[in-house]
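Colleague: Sequence:
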Amino acid sequence: MISRAERTAFSDWAWTVDRWLLAGIGLLIVAGLVFAMAGSPPVAERLHLPTFHFVNRQVAYLLPAVAVMIGTSFLSPRMVRRTALVLFVISLALVVGTLFFGQEVKGAKRWIFGIQPSEFLKPAFVVVVAWAFSEGARRKDVPGNLLALLLFPLTIVPLVLQPDFGQTMLVSIVWGALFFMAGLHLIWVVGLGGVAVAAAGLAYKFVPHVHARIEAFLEPPPPVAGVPTNFQSETALESFIAGSWFGKGPGEGTVKRILPDSHTDFIFAVIGEEFGVIVCIVLASVFAFIVVRGLLLASRNEDPFCRFATAGLVMLFGLQSCINMAVNVHLMPAKGMTLPFVSYGGSSLISLSLGMGFLLAVTRKRPRTRVLTQVAASAGPAPVAAAA
Numbered sequence: 544m545i546s547r548a549e550r551t552a553f554s555d556w557a558w559t560v561d562r563w564l565l566a567g568i569g570l571l572i573v574a575g576l577v578f579a580m581a582g583s584p585p586v587a588e589r590l591h592l593p594t595f596h597f598v599n600r601q602v603a604y605l606l607p608a609v610a611v612m613i614g615t616s617f618l619s620p621r622m623v624r625r626t627a628l629v630l631f632v633i634s635l636a637l638v639v640g641t642l643f644f645g646q647e648v649k650g651a652k653r654w655i656f657g658i659q660p661s662e663f664l665k666p667a668f669v670v671v672v673a674w675a676f677s678e679g680a681r682r683k684d685v686p687g688n689l690l691a692l693l694l695f696p697l698t699i700v701p702l703v704l705q706p707d708f709g710q711t712m713l714v715s716i717v718w719g720a721l722f723f724m725a726g727l728h729l730i731w732v733v734g735l736g737g738v739a740v741a742a743a744g745l746a747y748k749f750v751p752h753v754h755a756r757i758e759a760f761l762e763p764p765p766p767v768a769g770v771p772t773n774f775q776s777e778t779a780l781e782s783f784i785a786g787s788w789f790g791k792g793p794g795e796g797t798v799k800r801i802l803p804d805s806h807t808d809f810i811f812a813v814i815g816e817e818f819g820v821i822v823c824i825v826l827a828s829v830f831a832f833i834v835v836r837g838l839l840l841a842s843r844n845e846d847p848f849c850r851f852a853t854a855g856l857v858m859l860f861g862l863q864s865c866i867n868m869a870v871n872v873h874l875m876p877a878k879g880m881t882l883p884f885v886s887y888g889g890s891s892l893i894s895l896s897l898g899m900g901f902l903l904a905v906t907r908k909r910p911r912t913r914v915l916t917q918v919a920a921s922a923g924p925a926p927v928a929a930a931a
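Under my numbering, the letters of the sequence shown match residues 544 to 931, in that order.
Honestly, the hints are just simulated from the structure, not real lab data. Quick caveat, the model's predicted, so the values are computed rather than measured. Each hint can be trusted.
Computed cross-link-like contacts, DSS-like style, restricted to lysine-lysine with a CA-CA straight-line distance of at most 27 Å:
1. Lys-748 x Lys-878
2. Lys-878 x Lys-652
3. Lys-748 x Lys-652
Put together the whole structure using the sequences plus the hints.
Modeller: What follows is the structure in structure tokens.
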């Protein structure tokens with residue numbers, strides 16, 4: 544047992560970190576390994592790889608991911624801002640770089656140097672925008688809302704050009720929610736909502752693969768050679784039906800053997816077939832608990848930056864989870880988005896760990912006097928760079 548009187552970096556962290564959030568994230572990480580052993584072997588066998596190839600790689604990614612999350616959670620809010628700003632600049636440069644030098648996969652250029660930089664751009668963007676909004680909220684001489692407004696197109700334009708409409712939609716929703724928290728006027732709500740609807744309409748009309756996915760979702764065309772045009776979504780639904788409430792048992796699934804992305808985008812369907820709908824509901828409840836816990840901590844936080852950053856990071860986490868699960872149960876068109884800490888993927892796992900590390904850092908308990916001192920200091924005449 545760590546004594547409260549012991550003043551070390553680890554003891555301070557152990558007594559101030561939110562243990563409920565940490566426990567929820569830890570539970571997802573452990574569950575993700577179990578579910579990876581269920582969903583990834585068929586994919587490995589189809590690719591003529593060792594049966595547990597993807598499981599072993601997931602474990603290898605998990606070690607640095609946990610180190611990143613724990614290490615980041617030790618940061619002070621000031622260091623969180625600085626780290627996120629550096630990461631944002633680097634990630635945005637790499638996203639732009641993918642447009643010219645990236646590896647094309649399924650008609651999109653999202654990979655460069657073996658990583659998907661848009662995954663790292665998301666948490667960095669949320670923290671930087673939260674910083675801008677918080678500075679605008681507590682210092683009238685800082686155009687925080689304007690800076691956040693300018694950062695939005697700067698971030699989503701390269702994502703649209705990749706194209707990556709799933710990440711664009713995710714970032715846009717979180718940005719809009721933070722803008723709403725910052726107290727935007729009703730005119731802004733109507734105006735930004737109109738722009739979002741217009742952008743979605745343009746994407747549907749002029750981007751072929753977006754048009755095809757939406758059409759296949761709303762009105763699936765007849766099967767071609769006996770194969771449904773929306774094969775993955777239909778097969779995912781069959782997995783839930785086959786698993787029923789209690790599932791077939793670990794390793795006993797059969798539908799997963801013909802599901803192309805059973806270890807990534809459609810891992811939730813594999814869980815439904817082998818472990819049952821009840822386990823799916825429990826897993827969804829863990830995601831919901833982390834989000835609700837984070838929003839509760841945000842509402843109690845007196846530091847504007849920590850409040851905005853906490854809300855933004857848990858919304859990013861929760862929305863990504865909801866989108867993946869909605870695609871699996873055929874409530875949304877396919878988006879190519881992973882289920883946090885459960886789907887296979889190195890870039891996704893490490894970037895999620897980084898985002899959760901930021902979340903744990905900004906939700907750590909701090910003495911009220913220290914919070915008020917920092918808020919008062921940041922409200923002084925010093926330039927915004929000094930608050931970094």
